[in-house]
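**Q** Take a look at the letters that make up each chain.
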Amino acid sequence: MKKLYDNEMKLEFSSKTCNEAFARIAVAAFVSQLDPTIDELSDIKTAISEAVTNSIIHGYEEGEGTVKIEARIYLDTVQIEIIDNGKGIENVEMAMKPLYTSKPDLERSGMGFTIMESFMDEVKVESALGFGTRVIMKKKITPKEDIDEDNLLDEKQKEDIKNTLGA
Amino acid sequence: MITKYDKENKILTLIITEEIDQHTADNIRRKLDNEIEIYNCKKVIFDFTNITFMDSSGIGMVLGRYKLVKMLGGEFELINVNRRLKKIFDMSGVSRIIKINNEGLIAKEENNEEAI
Chain E
1 MKKLYDNEMK
11 LEFSSKTCNE
21 AFARIAVAAF
31 VSQLDPTIDE
41 LSDIKTAISE
51 AVTNSIIHGY
61 EEGEGTVKIE
71 ARIYLDTVQI
81 EIIDNGKGIE
91 NVEMAMKPLY
101 TSKPDLERSG
111 MGFTIMESFM
121 DEVKVESALG
131 FGTRVIMKKK
141 ITPKEDIDED
151 NLLDEKQKED
161 IKNTLGA
Chain Y
1 MITKYDKENK
11 ILTLIITEEI
21 DQHTADNIRR
31 KLDNEIEIYN
41 CKKVIFDFTN
51 ITFMDSSGIG
61 MVLGRYKLVK
71 MLGGEFELIN
81 VNRRLKKIFD
91 MSGVSRIIKI
101 NNEGLIAKEE
111 NNEEAI
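Those protein sequence lines, which keep their order, are chains E and Y. Sequence positions in the first sequence follow our numbering and run 1 to 167. Sequence positions in the second sequence follow our numbering and run 1 to 116.
Okay, chain E solo, but in the shape it has when bound (with noise of 0.2 Å):
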């Protein structure tokens, strides 16, 4: 049987707002060699959105830093980790609770955490008061009905045969 790839990359880029694009779309690309849907795609786009605006909005409060970013794929399913160094959250069971918001002055609607878990499959989020927070987010990427690795083998292997055949 074909062996199934691990990958893995890693990004880091300044607490700027205007980055934000450039993870969300960064990130995408690289998930996008197993193939999602438009669908998953836009869910994992707008979980890293969520996630990273949380680290420069509310763990740097919008001052310097550094977000970073670790992605892995492990068979179909991805894992991304959204890293900061930033002031850390006090009460995790709290924040990520639906419509709560330590911002609400800055038109924060406090749907960031209820976002990313109804985007992806599973939401883990670290944190420690003044050393900084980590969300782990996984999502199995649906393989395609279409796609059956072993057929595609065999097509590969036929292939080869003919071609080895005629030469």
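Calculated directly from the structure, the hints in this document are not laboratory data. Even for Gly, the Cβ is constructed at its ideal location relative to N, Cα and C. Some clues are possibly wrong.
[Unchecked claim] Cβ pair distances, simulated, as ranges:
{"#": "1", "chain 1": "E", "residue 1": "K103", "chain 2": "Y", "residue 2": "K43", "range": "25 to 33 Å"}
{"#": "2", "chain 1": "Y", "residue 1": "N9", "chain 2": "E", "residue 2": "L75", "range": "51 to 59 Å"}
{"#": "3", "chain 1": "E", "residue 1": "N163", "chain 2": "Y", "residue 2": "N50", "range": "32 to 40 Å"}
{"#": "4", "chain 1": "Y", "residue 1": "K43", "chain 2": "E", "residue 2": "R72", "range": "33 to 41 Å"}
{"#": "5", "chain 1": "E", "residue 1": "R72", "chain 2": "Y", "residue 2": "I106", "range": "39 to 47 Å"}
{"#": "6", "chain 1": "E", "residue 1": "C18", "chain 2": "Y", "residue 2": "K42", "range": "31 to 39 Å"}
{"#": "7", "chain 1": "E", "residue 1": "I38", "chain 2": "Y", "residue 2": "D26", "range": "23 to 31 Å"}
Keeping the supplied structure of chain E fixed, place chain Y upon it in accordance with the hints.
**A** What follows is chain Y alone, placed relative to chain E:
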């Protein structure tokens, strides 16, 4: 972002052409609040036809403008909200407060289906 103002009926239409995240929401907010107050409009319409991306920053931005327009005594409406955006607006309860008019979008989708 394109804004259109119908002087006769005092309707301000905003066609959003960029992706909405925290960064762009700030810009839209600044520009729009200014226009809403200058024109003293009766109705503000947000048109999402051309939008390709929106995260939760869009929720706060829309709700904030809704509050401002209401305070000034005007009407507020969202139009052409696609399925993905609708999901975000439903989740946050925006669709219970703000009128969403999708007639144009539904007509467009039906036309597309016929074409297929």
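**Q** Hints first: check each against the structure and report whether it holds.
**A** For each hint, the structure was consulted:
no. : hint                       : verdict
1   : E:K103 - Y:K43: 25 to 33 Å : 30 Å, holds
2   : Y:N9 - E:L75: 51 to 59 Å   : 57 Å, holds
3   : E:N163 - Y:N50: 32 to 40 Å : 48 Å, violated
4   : Y:K43 - E:R72: 33 to 41 Å  : 49 Å, violated
5   : E:R72 - Y:I106: 39 to 47 Å : 41 Å, holds
6   : E:C18 - Y:K42: 31 to 39 Å  : 35 Å, holds
7   : E:I38 - Y:D26: 23 to 31 Å  : 27 Å, holds
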